[in-house]
Amino acid sequence: MAGSDKFGVKEVLDVTFYDTVTGKPVLFCDTLKLSTLDVTASQSFARGGKGNPKLLVWDFDKEISMSVQDALLSPKSFQLLSGNAVTVGTQKIYIRQDTVWATDSEDETIMVDKGALYPLTASAGGAITLAFTPNEAASDILVYEATDDGGTVLAAGTLSGKVLTNVAWANKKVIAYYSVNQTSVQTYLITSSNFPSSYRLVGDTVIRNARTGKDEAFQLVVNNAKIKSEFKFEFKSDGDPSVFDMNLDVLKESSSDKMVTMSQYVNNAV
Amino acid sequence: MNYKVTSIQIGKYESDTLFIEVDKEVFQIPISKKAKVTKDLIGKLINIENLYSVPLEKVILSNISFDKK
Chain R
100 MAGSDKFGVK
110 EVLDVTFYDT
120 VTGKPVLFCD
130 TLKLSTLDVT
140 ASQSFARGGK
150 GNPKLLVWDF
160 DKEISMSVQD
170 ALLSPKSFQL
180 LSGNAVTVGT
190 QKIYIRQDTV
200 WATDSEDETI
210 MVDKGALYPL
220 TASAGGAITL
230 AFTPNEAASD
240 ILVYEATDDG
250 GTVLAAGTLS
260 GKVLTNVAWA
270 NKKVIAYYSV
280 NQTSVQTYLI
290 TSSNFPSSYR
300 LVGDTVIRNA
310 RTGKDEAFQL
320 VVNNAKIKSE
330 FKFEFKSDGD
340 PSVFDMNLDV
350 LKESSSDKMV
360 TMSQYVNNAV
Chain E
320 MNYKVTSIQI
330 GKYESDTLFI
340 EVDKEVFQIP
350 ISKKAKVTKD
360 LIGKLINIEN
370 LYSVPLEKVI
380 LSNISFDKK
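These protein sequence lines are chains R and E, in that order. Under our numbering, think of the first position of the first sequence as 100, with each following residue one higher. Under our numbering, think of the first position of the second sequence as 320, with each following residue one higher.
To be clear, the hints were calculated from the coordinates, so they are not data collected in a lab.
Straight-line C-alpha distance at most 27 angstroms; calculated DSSO-like pairs for lysine-lysine:
#	chain 1	residue 1	chain 2	residue 2
1	R	Lys272	R	Lys213
2	E	Lys331	E	Lys377
3	R	Lys175	R	Lys331
4	E	Lys331	R	Lys271
5	E	Lys343	R	Lys261
6	E	Lys331	R	Lys261
7	R	Lys261	E	Lys323
8	E	Lys352	R	Lys271
Fair warning: this is a prediction, and the values are worked out from it, not measured in the lab.
Could you build all of it, start to finish, from the sequences and the hints given here?
In structure tokens:
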């Protein structure tokens, strides 16, 4: 590979995060949309003479930051961003039920919403069937007329299993508010006291040699990358799917002045 | 009809909940907080005329004696 070669860069990094203590990989991202390395520094000038021109310059405050943007979110990437482990277990789920639910035709262990064409309507005897067995006792399940959602709570009903009954509700369209404990829930936490850690970041991609037209391997290593605490989740109804940004501060290695090492190489059989 | 009270849960809003046995199944019956039910009711028989005309406004203890054993 000639030293004067020029290269075109048009490919995103695949990034692997390694635990800085154990050295083990903790996250592999191969669905990135963007991976950016940004190097900045400050300058201070000595000025003087007629017109106050710049005479001398000092560079300082070297700052390197990286940002990676993932098209997909995974429990592990959330774990790195939030500093909290993702847990799997029982979790309270809040329900606002305004339609009829039924068991899935293919899997009877799963409940599915039948949709807006099936509004939750009390029978002639005043009975409605909840989608799930509620956590709340009968007196704490809130039921509203569909035309007065969040307005005046209807008188509580008798509960037997999932059937909630009050003769006064007969033939009314209603909305029920309650909660249910679901098992095997993957829970993502954002807490006030936990923050993301530092990791070794290894980014792999290819760059294209302008002389040969062939791609050559390129690896970027940051041994001390601190994930920033700020992140954003977008839940929106239009436009492109939401992306997940991870911003990192590149810190100097403790044993040298190196911050980023980039290696362009050919995969020689060794 | 007479029903045995198996448990009581104090509610957050206008009523509390009586847990009663109906055909060996547990029913939850809202009862107005004005009735001021206490845990003393557990194990007793109460009389409810219409199970679904709720919330109950008061507890009518049954005249039938009840053996707590």
